[in-house]
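> Single-letter residue listing:
There are 2 protein chains.
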Amino acid sequence: MGQDRGKYDFYVGLALAVSSSIFIGGSFILKKKGLLRLARKGSMRAGQGGHAYLKEWLWWAGLLSMGAGEGANFAAYAFAPATLVTPLGALSVLVSAVLSSYFLTERLNLHGKLGCLLSVLGSTTMVIHAPQEEEITSLEDMAHKLVDPGFCVFATLVIIVALIFIFVVGPRHGQTNILVYITICSVIGALSVSCVKGLGIAIKEAIAGKKVASHPLAWVLVLGLVACVSTQINYLNKALDIFNTSLVTPIYYVFFTTSVLLCSAILFKEWGHMGPDDVIGTLSGFLTIIIGIFLLHAFKDVSVSLANLAVSMRKEERAFPANANGLAAHATYKVLRNESGEEAEERE
Amino acid sequence: MGQDRGKYDFYVGLALAVSSSIFIGGSFILKKKGLLRLARKGSMRAGQGGHAYLKEWLWWAGLLSMGAGEGANFAAYAFAPATLVTPLGALSVLVSAVLSSYFLTERLNLHGKLGCLLSVLGSTTMVIHAPQEEEITSLEDMAHKLVDPGFCVFATLVIIVALIFIFVVGPRHGQTNILVYITICSVIGALSVSCVKGLGIAIKEAIAGKKVASHPLAWVLVLGLVACVSTQINYLNKALDIFNTSLVTPIYYVFFTTSVLLCSAILFKEWGHMGPDDVIGTLSGFLTIIIGIFLLHAFKDVSVSLANLAVSMRKEERAFPANANGLAAHATYKVLRNESGEEAEERE
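As you go down the protein sequences, you meet chains A and B in turn. Going left to right, the first sequence walks through residues 0 to 347 as numbering that gives the first Met the number 0 numbers them. Going left to right, the second sequence walks through residues 0 to 347 as numbering that gives the first Met the number 0 numbers them.
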């Protein structure tokens, strides 16, 4: 595969990954708008078992948009490295947050805005540093990679960890510890992405006219994908059932992406050709996204705006710390005087 | 100058810039520890005009550390591009925040920790992408750069803006608008850094045995530096006098660094040899640092910890949103029920 072909595939994959996030992020808004419209009409709420949403075109548009997004995401894995595609999933959180504030007039608070900005900055850094060349181009390549001892050990470990969590840890701590079910989804998720990646390549080959249906690996990948994805959906639903969505989403993102990055590094050795600069850049971009998502989610219900903070701007007002909406100023008068003393000092 | 020599200078400059931040960050702690010890002894507080701090060795250690830090910073400009050295100043904020929490047992809140982490991540990204090669190696080079029409226009604009702010805007709005004095310091700061850069090169040349004292430019740079730095200190003190330090510091950092980056781009054309990836990387690293500093400073007096946020972790508790220390949960029961309804929907 030539350098130019690699670059072309990279940008196709990037475009698919970004548009996937836009579709998925948008689908939440469409669905919610549909459900809200039904609620205004006085239909029975979906949460109470009603099915009126099936007659609402907005709800169907949301479902279609979700399907298109998942499709684009699947296709993205066939063109670009998993190290690029997976972290960009963060953009769907951002798209949904931004669209919510426009179309559902849900106010995005200061933390939300900063979180969005950080996700974009982190994603930008990751895109700059992500490996550009695809390591596999055919099912044969994939078959070779899968029997690599490193990956065999990794896959075995993943399955053992998943089984321990499903049968030993889950029944005891699953209801109280948010990390249990999320860990199951995340480690299994690494295998799903490997299958998606392989199937994407197979479909690309099929389109190019090669016979892939006769290759046993294609069927193994299909079966693997179905098994992995159904396990994932099952335990993700359990987690969402028990815990707050705004905590499950970011933790799941972090665990899932970390697990996929690790799996990619082992299976496709995508990291092998990266210089130390690129490895550091990718990791620092990823951490920036994590912090962004954390800010976006963890402070959802906290009301802090620039206007609140500006209250304490002038020094004279320090003695009476800002105590406006939702901000409890814990600094005491004494501490503030100490600081002023020191400042006077330093300027002498 | 060979490639290796350039790399070597880059790392020397980087090490100097980082150690400068450590010294300057540490100096605040030493001074404050000294002043606190005096306060315990019952001496007259410095803020009230006492001078007992002159007998306290910790205070002198702080002063020495500050001097060493400023010296290292000056030297760093002689080795590495200003685009690298200036933004790394952010690390001193971080060093001082981290050391405070250890040595002064000032608790660093959640925002502070996230802010520190973001500053490190942003700095890392900037170091990876900053221009590595120095554009000037002699006073002759510097003289050529200074008469470049682009820089002449820029310098004239800077001086006009500074004069307008000093004589027209300052007297009217300086006492009420925090940006006025900070703008004066920042635009003048770009000229100071240019002088420091030139003088650093001159000192390097002098050490190498060249005669620089006879070069008129050396004296122009010394005079320029004295004029610029004294103006800067004057207006920075005014700003600190009137407004809250925790707002002045981050705004000053952002304005000053932006102005230096702009000046470097025009004067040294450091950006000329950078690929689009590096320009994007540098800017996204800088923005990440800005957000980090903002979080560190703007939420200094807000008490939010992971423990507070975890209160709302389990779904059953959603109906009674976390209202623990300093967190006002604005989400109402109704909104939360809506969300749950939608979630139930999506999982169907």
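To be clear, the hints were calculated from the coordinates, so they are not data collected in a lab. Values in this document were obtained by computation on a predicted structure and should not be read as measured data. Don't be surprised by glycine CBs; every beta carbon is placed ideally from N, CA and C. Among these hints, one or two may not hold up.
Said to hold, decoys possible - Using C-beta positions, here's what the derived DEER-type ranges look like:
{"hint": "1", "chain 1": "B", "residue 1": "Ile163", "chain 2": "A", "residue 2": "Gly271", "range": "36 to 46 Å"}
{"hint": "2", "chain 1": "A", "residue 1": "Val225", "chain 2": "B", "residue 2": "Gly274", "range": "38 to 48 Å"}
{"hint": "3", "chain 1": "A", "residue 1": "His272", "chain 2": "B", "residue 2": "Ala207", "range": "51 to 61 Å"}
Said to hold, decoys possible - Covered stretches of chain A (chain B as the covering partner; in silico rule of three or more C-beta atoms under 8 Å from a C-beta of chain B):
{"hint": "4", "region": "257-268"}
{"hint": "5", "region": "288-298"}
> None of the hints should be skipped; say for each whether it holds.
A quick look at each hint next to the structure:
Checked against the hint of 36 to 46 Å, the C-beta distance between Ile163/B and Gly271/A comes to roughly 57 Å, which is inconsistent with it. Range check, Val225/A to Gly274/B: Cβ separation about 44 Å, and the 38 to 48 Å hint holds. Under the hint 51 to 61 Å, the C-beta atoms of His272/A and Ala207/B, about 41 Å apart, miss the expected range. Note: the region 257-268 of chain A has 0 residues with beta-carbon separation from chain B under 8 Å; the three-residue rule is not met and the coverage is violated.
With a threshold of 8 Å between beta carbons, the proposed coverage of the region 288-298 of chain A by chain B holds, since 5 of its residues qualify and at least three are required.
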